[in-house]
Structures are given as structure tokens and as C-alpha cells.
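2 protein chains.
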Amino acid sequence: MSSRSRILRLSRYKNAALRLKSLNFLKVFSDNLADATGVTASQVRKDFSLFGISGNRRGGYQIDELLTQLNKVLGKDKLQKFIVVGVGNMGRGMINYPGFIKSEIKIVAGFDIDPSKYNRKADAPVFPMDELTAFVKTNEVEFGIIAVPDFAAQEVFERLIQAGIKGVLNFAPIRLKSDNTDIVVHNLNLETEIENLIYFVNTKVNPAE
Amino acid sequence: MSSRSRILRLSRYKNAALRLKSLNFLKVFSDNLADATGVTASQVRKDFSLFGISGNRRGGYQIDELLTQLNKVLGKDKLQKFIVVGVGNMGRGMINYPGFIKSEIKIVAGFDIDPSKYNRKADAPVFPMDELTAFVKTNEVEFGIIAVPDFAAQEVFERLIQAGIKGVLNFAPIRLKSDNTDIVVHNLNLETEIENLIYFVNTKVNPAE
DNA sequence: CAAAATTTGTGAATAAAATCACGTTTTCAA
DNA sequence: TTGAAAACGTGATTTTATTCACAAATTTTG
Chain S
0 MSSRSRILRL
10 SRYKNAALRL
20 KSLNFLKVFS
30 DNLADATGVT
40 ASQVRKDFSL
50 FGISGNRRGG
60 YQIDELLTQL
70 NKVLGKDKLQ
80 KFIVVGVGNM
90 GRGMINYPGF
100 IKSEIKIVAG
110 FDIDPSKYNR
120 KADAPVFPMD
130 ELTAFVKTNE
140 VEFGIIAVPD
150 FAAQEVFERL
160 IQAGIKGVLN
170 FAPIRLKSDN
180 TDIVVHNLNL
190 ETEIENLIYF
200 VNTKVNPAE
Chain W
0 MSSRSRILRL
10 SRYKNAALRL
20 KSLNFLKVFS
30 DNLADATGVT
40 ASQVRKDFSL
50 FGISGNRRGG
60 YQIDELLTQL
70 NKVLGKDKLQ
80 KFIVVGVGNM
90 GRGMINYPGF
100 IKSEIKIVAG
110 FDIDPSKYNR
120 KADAPVFPMD
130 ELTAFVKTNE
140 VEFGIIAVPD
150 FAAQEVFERL
160 IQAGIKGVLN
170 FAPIRLKSDN
180 TDIVVHNLNL
190 ETEIENLIYF
200 VNTKVNPAE
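Quick mapping for you: the protein sequence lines, in order, are chains S and W. Take 0 as the starting number for the first sequence in numbering that gives the first Met the number 0 and just add one per residue. Take 0 as the starting number for the second sequence in numbering that gives the first Met the number 0 and just add one per residue.
Hints listed in this document are in silico derivations from the structure and should not be mistaken for laboratory results. Every value quoted in this text rests on a predicted model; they were computed, and no experiment measured them. Ideal Cβ placement from N, Cα and C applies to all residues, glycine included. There could be a bad hint or two in this list.
[As the list claims (entries may be wrong)] With a Cα cut of at most 30 angstroms, we get these calculated DSBU-like pairs of lysine-lysine:
# : chain 1 : residue 1 : chain 2 : residue 2
1 : W       : LYS203    : S       : LYS136
2 : S       : LYS203    : W       : LYS203
3 : W       : LYS80     : W       : LYS120
4 : W       : LYS203    : S       : LYS101
5 : S       : LYS176    : S       : LYS203
6 : S       : LYS80     : W       : LYS203
[What the hints assert, rightly or not] Here are some, though not all, of the chain W residues that point toward chain S, as calculated from beta-carbon distances under 10 angstroms:
#  : residue
7  : ALA40
8  : MET89
9  : GLY163
10 : GLY166
[What the hints assert, rightly or not] Here are the computed distance ranges between Cβ atoms for each label pair:
#  : chain 1 : residue 1 : chain 2 : residue 2 : range
11 : W       : ASP122    : S       : SER53     : 52 to 62 angstroms
12 : W       : SER177    : S       : GLU64     : 11 to 21 angstroms
13 : W       : ASP76     : S       : SER4      : 27 to 37 angstroms
14 : W       : LYS120    : S       : GLU64     : 49 to 59 angstroms
15 : S       : ASN95     : W       : LYS120    : 34 to 44 angstroms
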């Protein structure tokens, strides 16, 4: 099993490789990816090595081949469907996030309790909460994003589990509880991220990003 | 110097302690905080120990005292002013983020190039970009949030540096470059976070959250 | 074609982080 | 007031992550 931070690095390598590809690079060296992502070349090679991603000695990595392999590891070789629960600013931000357009990530619908948010005609339509389970099952959605206030998050989480969701990205600042060990939960707490930044500014030390 | 993940944990302990306080708890044990945040009790104590935060053997930690000490470490003993550059959904989400209301984090203004976003009267007003430097200096703002498209991020970053910003939270999916070593940059890439989730669902392993 | 230059791939070494384990202190109850 | 139970604090240990360093492979050059 590989650690969370190793996988995060693979994503960054992939993004860097994509940018280099758009500059018409055909091949890339561990050193290039290291510069672009702020790690050591050695780390890049070690990360690749652990996933069986290999290049050519002296010749670096063919970008297209590298991207294929990285996308495979990251599960981006096939479309991954997401729903967003809670269509406030944050939820709306996820629905409209431009970075997903040319990726295999698709936000297929939003859900909310507020009728003024409903919109069945939009590209990513917004439905009432009680249609969630049926929608998830019909459309075989595997992932959910929780962007509701903290007091509602646990309840939404339980609904997502019941609907058969496999992975959850949680923006609410609480630790979601479940005895279902099949579901994967990752938390993203904006206040925590900001506090982290404040700390490192106050101590005037910039840690590895 | 302490690592990024250790500071992130301190934030989580603080959030957990706040919730317990709201339940009228007066004291809390390392074991409680461990449960609430998903780490071991030993880790909680070690983290505290490294910051000189101490409790009472057998008696746990006094919540009020603990919060005071955590807030001090995290720089939340005084108001921290932020501006947001790019008032799209994500930027708007940060401006309206409810978690900041009762914290010492204040988003004091937004900036955008789109005149339709301008609003000088709002609680967190939105101004044109060319007022940024003057605003930052007049109001002694230390922190900036970059929520613009990737192609604009580097330019915005340079403006923030020039204006004297000390810390930047960057949502754009690029690595910001600068030879100024005083500025602290933390990156938050939503696509990367989602790819990470996809990976762990696909490999059916839930790593430490 | 041979030699020189360069870059990968990976075990070994080092560093960093987490956990263990137990002495010390405090609390509580009889 | 004393003894037992509970919980902290932290040095020692273990685990995990990163970096080093160099042989092997490939490319380039003369």
C-alpha cells in the first residue's frame, strides 16, 4: 500500500507532464518533474519505480507513455462520476470547476434541500435530496462531495453510504463516522488549511509544499 | 521546526476541543481528541509535548486553557486579514465561508478584473485589481488567496508579493515561482485531491485521513 | 565504432514520524 | 491518609519516508 502523499505527488507529476506536453515536449527527465513540483529527482524516480513506471536510461520518459501510466494508476483511464451534495458557493464551485473539463472527472448532478437551487435542465442538474439514492443507483455514481454545513454532514454521509457511494470528499469540518469500512473518506478543511498557512508565516518557515 | 502535518493535526485538535466545549465539557483527555480526529492518543500527547502544551496527569487538559494554547501556536490569538483574488465560485465560497465567522480569520476584500463583480458596499467589498496594492498596504493585509484560472495565477502572485503579502493560499493548479524566500505559499489543488480519493477507492484502502 | 556523457533504477543509508511502554503525577474513595 | 486507578510526559523503539550513490543502460560525439 502506498501513502497518501505519494499519490498526491503522482498527481502533480501528471499535471507537470501535461503542461510540458502542451509545450510540445516529447520526453521529460526526472529532473524536470522535480523542478516543476518542488521535490528531488530521486524522489520522482523512486515514486515511479514503486508503481512500475519506467523510462529509458539516458533518454528520460516519453511523455505520452508516462501520462498513460500515471492516468492508469490514478484511475483516470475511465470516467469517474461524482455528485455534489450542498449547492452553496463551495458546491457550485466544484460543479463549475474548470479543471475537470478535460479530465475524466465528471460532476453529474448536485443535490440540495433548498428548492430555489433545483434545476433539472442544467448541464449538471440540481435535484432535491430525496432523489439522491435513486439517482446514484440509476447512474452508477461512485463518488460524492459533501459541501453542506457541519451539522448536516453526518446525515448526508449516511445517505451517501446507503446509496452505495464508494468515496467521499468531505468539506465539512467534522470527522464523519461509519462502521462501513468499504467507504473511503477524505477530508478537506479550509479553515485548517488557512491556519496552517498562518502558522508557517508566523514562524517564517516555508515547509515542503 | 515542525512539519506541516503536525500543524494540521493541531488544528484538528483545536476543532475537536471546540466541539467538546460546546457540549459543556470542561476537560478533555488525549484519548478523546484521538477518537475525534482519528489518530492515536500517544500522537496527541507527543504533538502537545513538542509545543510545550501540558495537562494534568490523571486530569487531562482543561479545555479553555488548551484552546488558548492551541490558538496561540496557530496564530489565532489575533485577527488575521485575508484578501481573495478572483471572485468566481471558489473565491466567493471563501468570502462567504461560514467557518471563518467565529474565528480570527477575516476576509477583508475581494479583487477581480471583471467589473460586474465590483461591489464597494458589501461587507467584504470587491474592487478592481489595480486597487490591490494600495488596499493591502493601507489595511496591512498579510494573507492572500489566489482563486483565479491557472494562466493568471503567476501574475497575480507577483502582484501579491509586490504589495507585501506574506502568505498565499493558491487554488490554481500550478507551482508559483518566486525568488522571494520570505513569502510562504501553500497549494490546494482540487483535482489532485479528487484523484487521490479515486486512487484509494480503486485500491480499496483507506489511508490515514 | 569506441569512448564519453548522461540519466535511469534501486538497494543501502539516513532521516523523520509514529508508536510503545513505563515512570510520574494526580485524583478519588474508603 | 493511604492505596489503587487513571492519565500524562517522554525516552526508546519501530516504522515509514527520503535521500544517497553507483551500476547499468542509452545516447551522443568525434
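Check: Out of the numbered hints, which ones does the structure contradict?
Finding: 2, 5, 7, 9, 12 and 15
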